[in-house]
Each structure stands twice: as structure tokens, then as C-alpha cells.
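Novice: Here is what each chain is made of, one letter per residue.
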Amino acid sequence: MASEKGVTLLDFWVSPFGQRARIALAEKGVHYEYKEQNLAEKSDLLLKSNPVYKKIPVLIHDGKPVCESLIIVQYIDEVWSDKSPLLPSDPYQKAQARFWADFVDKKVFDCGTRLWKLKGEEQEAAKKEMIEILQLLEAQLGDKKYFGGDTFGYVDVAFIPFNNWFYSYETLGNFSIEAVAPTLVEWVERCKERESVAKTIYDPKKVYEFVGYLQKKFGVA
Amino acid sequence: MAASGNQEVTLLGVRLSPFVIRVGIALNIKEVQYEFLEEILSAKSELLLKSNPVYKKVPVLIHDGKPICESMIIVQYIDDVWTRSGTTLMPTDPYQKAMHRFWTVYLDDKFEPSLYNLTMSQTEAAKAEAEEQTMAVLQLLEEAFVKMSNKGKPFFGGDTIGYLDIAIGSYLGWMRATEEIIGLKLLDDARIPLLCAWAENFCNNEAVRNVSPEIMKIVEYAKFLRSKYTPPPAK
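Just so you know, the sequences run in chain order B and E.
Take any residue in the first sequence, count from 1 to its spot, add 1: that is its number in the numbering used here.
Take any residue in the second sequence, count from 1 to its spot, add 20: that is its number in the numbering used here.
Please keep in mind that the hints were generated in silico from the structure rather than gathered at the bench.
These figures come from a predicted structure and were not determined experimentally.
Treat the hints loosely; a few may be bogus.
From the structure, some residues in chain B lie toward chain E, with a derived Cβ separation under 8 Å [as the list claims (entries may be wrong)]: (1) K43; (2) D45; (3) L46; (4) V53; (5) K65; (6) Y76; (7) V80; (8) P86; (9) L88; (10) R99; (11) F100; (12) F211; (13) Y214.
Dumping the calculated EDC-like pairs for lysine to aspartate or glutamate here, alpha-carbon to alpha-carbon at most 20 Å [what the hints assert, rightly or not]: (14) B:K55 with B:E37; (15) B:K56 with E:D129; (16) E:K130 with B:D111; (17) E:K130 with B:D103; (18) B:K55 with E:D113; (19) B:K55 with E:E163; (20) E:K77 with B:E133; (21) B:K107 with E:E163; (22) E:K76 with B:E37; (23) B:K65 with E:D113.
So, partial list: chain B residues that the calculated Cβ filter (under 7 Å) puts toward chain E [said to hold, decoys possible]: (24) D63; (25) V67; (26) C68; (27) E69; (28) I72; (29) W81; (30) P92; (31) A96.
The C-beta atom is built at its ideal place from N, Cα and C for all residues, glycine as well.
Sequences are here, hints too, so could you generate the full structure?
Specialist: Written as C-alpha cells, this is what we have:
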């Protein structure tokens, strides 16, 4: 791998994990080259940069690859530390931020996947679980402007990309996120006012189309 | 290590859990006095349920009344709070930090389930599959060690035990117990010589020895788990 100076992001448009990296880079005002990946035919660069998982996103900084979205976000926060800190400086607040970002990682995507992949009782169970997850996150947000408090932070970056998938979860699960977690929906709108989020957002209906494609691919009735 | 009367730092855990051992090692390296409260997982204490309402799991570190959960998040917290020189667990370079974090994620993602499957395996087929997966992870870690240990230093963290050393090292007791029960060699000098040397250095460290359970206790407990184990249905 050539040791080129600069920042490259290997990504896939619909990935909420990739979007985390895009938002973090935008918050820090970092110029980078975006390289959309074909996940059906993975590039040599992707395979070389992430030989362990062969997944996106991968951040390549001065020729060195960093993998796993939350690790990438922490890396971006530490390298470009002069602007828009994402993690708080207080160790306890930092630990809390890590905990909740990890919670989003462990819970939201998997549960969402079960929502579109399964039918009948199993899908119903996934929907119930998704509502619990959203309400737990809403309780954690409380009456704060962001999960980070007054400033947009690590947990906000970790969770906001999933809002593009909310329409798909609601449609497939037949429920309204606004009805079960209204404060969360207000937080989404506040985040969307930030340039870093607005620039990286994509049409929820396009995500829904993509989910339809996945359902066909996995033979979901 | 219990220090009677000191309520400032409390660790809720079970002595045989690698995740709890991680926290014990970190506290020992930092020479933090703490109280260890042994939990009974089938009858969790009110304190545990209140301190970790989301997962209701151990370990939980309670510092000045505030709980911190998830083993490696606790380890990072300990590193952030107790900053005595010579004891830093995370390197200062962001890229090196990312490497410690990446291999820790990989370890908990891939190694923990394959080691568990190996420990529980009760057919030749299950044993062979789990052994292959476990060795594959160890092989990758052997290669990572070359890159990260900075040319011949004893640990992933360099001269002293670091974040990733703690993450991997916490599994050594269970690895030895599994070798004993299943009758195979995971820490095989011929296949993973660097990791074997690293394991010896790690286990000889006083901070580690103090919280490492006797292998026979782990063997006993693993045999109990095996007796209750039902393999998941074939896909």
C-alpha cells in the first residue's frame, strides 16, 4: 500500500457505520477522498486495508488503515483534536459516552436487521425489542439538547445515522417512532440542522428500497 | 485484592470471569485499593441490578458512588483516572491506540465464542471446528504482536502491560483450563511461539498473578458448565 499523504474513506452509501465516519470528518473539517465500494466485488484496496473483516468503513490516513466505525470516530477525534471535540474530557463522562455508543452498536443494527429479515412472531418480537431500545435511548437523552449535553458528541455521531433507517423500521414493523419516542424524534431534527449531518444524510425512501432489495436477496417473503 | 474499610472503589464481579479479571489487573497495575464484592449470578445483588440496569452483568466498577460498566470501558476509565507515570495502559499515539482497540474488538467478537465452543465441545466434529477457529484467531494475534510490540519488547503495549495485553491475557486461565479438559494444546510453542513467550511474561507479572484464579478452579467450573450444556441447533 502506497504511503500517500491524506485521508481516504472506503465506504458504502447506505451504511450507518460509514456515515458515522463521514459525520466525524465533517465535524472536524477534514478534507478526504470518498471511495464508494462495491460490496459484491470487493476492491483490492478494501481487502488489503481490512484483511480481517473485509468490511467498510475503513479510514486510510497517510497510508495506514483504521477499521471499525467507532474506532475510526475515536481516531478522528484524537488526531484532529483542535476542533469540535466529540468525546468529553471528564473520564466518567467519557466512560458513559463509550457505554452508550457501544449500546447502539450492540443493539440497534442487529434488531433492525431482524425487523426486515424475519416475519410473523419473530418480527413482532424484534419490533417490541426495537421500541424498548429506542425508549431506553430516549431516557438516556432526557431533556438534553444532544446525548453529549450542550454539544454534539460521540453518542450523537454513533446513533444519528440510524435515523435514515427509521422509516424502514416503522414501515416494516408497523409502528411510529414518534409515538413511542417523541423526544428522540426532536433530537433527530436538531441533529439534521448540523451541516455535518445534513451533508451526509440520504433519503429514507432510498434506504427502504435498498431494504427491499436485501429482502429479495435473502428470500424474505 | 481487598482493602477493608475503603469504600471509594468497589468491583462487583465473579473471580473466574475473564472480563472481571481484566478490571482487577488494571486496578493492580495502577495500585488502586479496592473492595471486591463477589456476585452470585443466579441471585444478583440489588447493588448490581441498580448499578448495571441495562445489562445486569459483571464486572461493574463503582468509583465514588458512580458505576462504570463493560470491561474494556472500565479499563479505559481506570487508565484515564489513575495516571501515575509508568503505568499507562494506552499508548499516546492515536494510530497505536486504534490498533489496541481494533484487536480487542476482534478478540471479543471472534475468540470468546470460539473458545467457549471449544470448552463446551462434546463431539469430535464440534471440537475440530472450534479448535480451528480458535487457532485462526491466535495466529492473527501472533502476527499482530510482531507489528505492535515494537521489535522484541515483551508486551503488545511495549515494555509494560497495555490495553490489549489485558484484553487477551484475561483469557489465559480459561485457555489453560480448556487445554486440560479437551486434551489439546492452544499455547503451542511450535505454532505461536511469540504469544507463548508473551503469555509467560504476562502471567509472571505480579498485578496479574494476584487476580488469576487457580486453573483447577476454572476446570471444575467448566466441567459443571459442560454438564449443563446443550449445543445450539444445527443451522
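Novice: Which earlier hints can't be squared with this structure?
Specialist: Hint check: 1, 2, 3, 8, 9, 12, 13, 18, 21, 22, 24, 29 fail, others pass.
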